[in-house]
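Based on the provided sequences and hints, a complete structural model is requested.
Protein chains: 2
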Amino acid sequence: MTEYKIALVGFGGVNRALAQLIAERNARWQQELGFSLKIVGVTDLFLGSAIDRDGLDAATLVALPASKGALAQLAQGSAEAFNEAVIKQSGADIIAEATFTNPKDGEPAATFCRWALEAGKHVVTTNKGPVALHAQSLKALAKAKGVSFEYEGAVMSGTPVLRMARQTLPGAGLVGFEGILNGTSNYVLTRMEEGLGFAEAVAKAQELGYAEADPSADVEGYDVRLKVVILANELLGACLQVSDVACSGISAITCDDIQQALASGQRWKLIGAASRNQDGSVQASVQARPLPGNHPLAGISGATNAVAFDTKLLGAVTVSGPGAGRIETAFALLSDIVAIHATKHSA
Amino acid sequence: MTEYKIALVGFGGVNRALAQLIAERNARWQQELGFSLKIVGVTDLFLGSAIDRDGLDAATLVALPASKGALAQLAQGSAEAFNEAVIKQSGADIIAEATFTNPKDGEPAATFCRWALEAGKHVVTTNKGPVALHAQSLKALAKAKGVSFEYEGAVMSGTPVLRMARQTLPGAGLVGFEGILNGTSNYVLTRMEEGLGFAEAVAKAQELGYAEADPSADVEGYDVRLKVVILANELLGACLQVSDVACSGISAITCDDIQQALASGQRWKLIGAASRNQDGSVQASVQARPLPGNHPLAGISGATNAVAFDTKLLGAVTVSGPGAGRIETAFALLSDIVAIHATKHSA
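Taken in order, these protein sequences are the chains called G and P. First residue of the first sequence: 1, per my numbering; consecutive thereafter. First residue of the second sequence: 348, per my numbering; consecutive thereafter.
Keep in mind that the hints were calculated from the coordinates and are not lab data. Errors might be hidden in some of the hints.
Stated by the list, open to error - Below, computed lysine to any residue pairings styled on SDA-like, alpha-carbon distance capped at 20 Å:
(1) K659/P / A23/G
(2) K659/P / A324/G
(3) K312/G / G360/P
(4) K659/P / R25/G
(5) K312/G / E371/P
(6) K659/P / L33/G
(7) K659/P / N26/G
(8) K490/P / A342/G
(9) K691/P / A342/G
(10) K312/G / A370/P
(11) K344/G / R513/P
(12) K312/G / W376/P
(13) K312/G / R673/P
It should be emphasised that the depicted structure is a prediction, and the values quoted were computed from it without experimental measurement.
Quick look at the structure:
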């Protein structure tokens, strides 16, 4: 039976949910997945850090309050975040990176990933920043070190998109995709179809915890743009930078626009899309537009996300599911570890 | 560069489409997929058979008329279908089985698969019969012989369902599924929503080639039932036989039923479903019912198929795409070969 030693970098919602899954399911995973996980380190800029090569108790970690320096409450803990030590010296095989997304330069997450890969550790991350901005160099580094760099959760949380395309669509002739990649904006559009104004619908999303106090990353398309870059570079072999993708959001859409579209069977959606041109180049965009009722994404309502892959041999193949959520995103990390296990196991 | 020698058993729409893909794309596959295919044998009860260990020309095969004994036109051909010789003695590494579906005992396809596996050849098939009725024994035989038995195309043609669940959902806690698994019946229901009567809608489906002269396998749910057995046994570890699955179709649904549902935002769909009970047993059914508008399958219109996986960690994850078509189903065979190549390659 395999046991992977894992260090959690960032201990907000996602890695705390992973710890919760470990506390609840480790025994089952030994049966079901052929491995179990042992948490040997945790670090978080706000909560501090802890290292124990013999294993930190997952349930104890989950129960820690979200208060400054809380990890100092552990015998093996400190109020200081010793990021580099946790990544390099905890004896971890795998680093689970789930700090905040920095859309400017991907830091400090990109550095955390780099430290881990340089030290010969697998990295699993749900962080769009390092993937959208530095995937190429991080993948090259992982390859050189003979380890894996996996990031299913960077797009649509645990709903399989990257791995689905990679594992099930080779040979299908993937030429592009369209996606509803932000649950908050799709929720807002859905509520506007029910008669709410834009501001009211955003307030509703904030009330439910879907939208941040400053909702601009969601409603102006910036979040979607990062995901479009990730998908286009990964699935279409593009080398897009964030600034290459024209981006507009949903804040200028009026109730009239929405109701006019509905009257003719159409639904406004914020679509992140990319397609390969005849000459091999890839064009990408983020833009709201009304979809005809028979479009594969027209029926995706509320906070659900979806990607419709455009393929030569199958036409449209669409996957939909949750686009956010603590447990849903923690599952993405687990699915990355399942993939690492499969690679090692068959090697 | 790897070259797999393949023999085509049954040369109707699907294997002819595979030959067409080989004729058009073999060179590209060497680059893209790391292998190419060489057709070393073809056999078909109506068209006859041909064997050439040096390779039959794919384009020539595609151009053959669909007339009795047509394979005799080839220098290496005969008007007789030497099935056993083609399967066992053509030197094939892989047998692509795509004869007709026999829902009673899966024959003669099951025997073709057995011959191939016993001779140590991989089998890829799109045939629901052998998979729904004999998957357990055929999988055991494949395992004993150290070869693969793959059948992505038995459900939803080339749209990834079996492989998607196997490759991307381990650990997600799959507890059941609901599916729209027959394009003809879904097309009929969609047309009935537009005002057509059942008989008119069936006639329309026949006109378009979606429905057979005798449409009962499609509209009475028998086709869906075979697929439910395949999915439940494969994904939920059930041991269902066809007779274990209660089955009803759409022929008793009236225009009134459809319009009443629409008026309250619901849509009638023929749903094949299975779920695991607390005690580990699995219950499955095929039944038409009205779905609320926010159900993940409510928006699946026309001949499109879809499966919504019910998982503990992600809730519903849904994949939709084509459920039939020559090229679409031939892609399923290709995707099976891609999977075989991945297994061999990493072994």
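Against the structure, the hints come out as follows:
| no. | hint | result |
| --- | --- | --- |
| 1 | K659/P / A23/G | 16 Å, holds |
| 2 | K659/P / A324/G | 15 Å, holds |
| 3 | K312/G / G360/P | 18 Å, holds |
| 4 | K659/P / R25/G | 12 Å, holds |
| 5 | K312/G / E371/P | 13 Å, holds |
| 6 | K659/P / L33/G | 16 Å, holds |
| 7 | K659/P / N26/G | 16 Å, holds |
| 8 | K490/P / A342/G | 19 Å, holds |
| 9 | K691/P / A342/G | 14 Å, holds |
| 10 | K312/G / A370/P | 16 Å, holds |
| 11 | K344/G / R513/P | 17 Å, holds |
| 12 | K312/G / W376/P | 14 Å, holds |
| 13 | K312/G / R673/P | 13 Å, holds |
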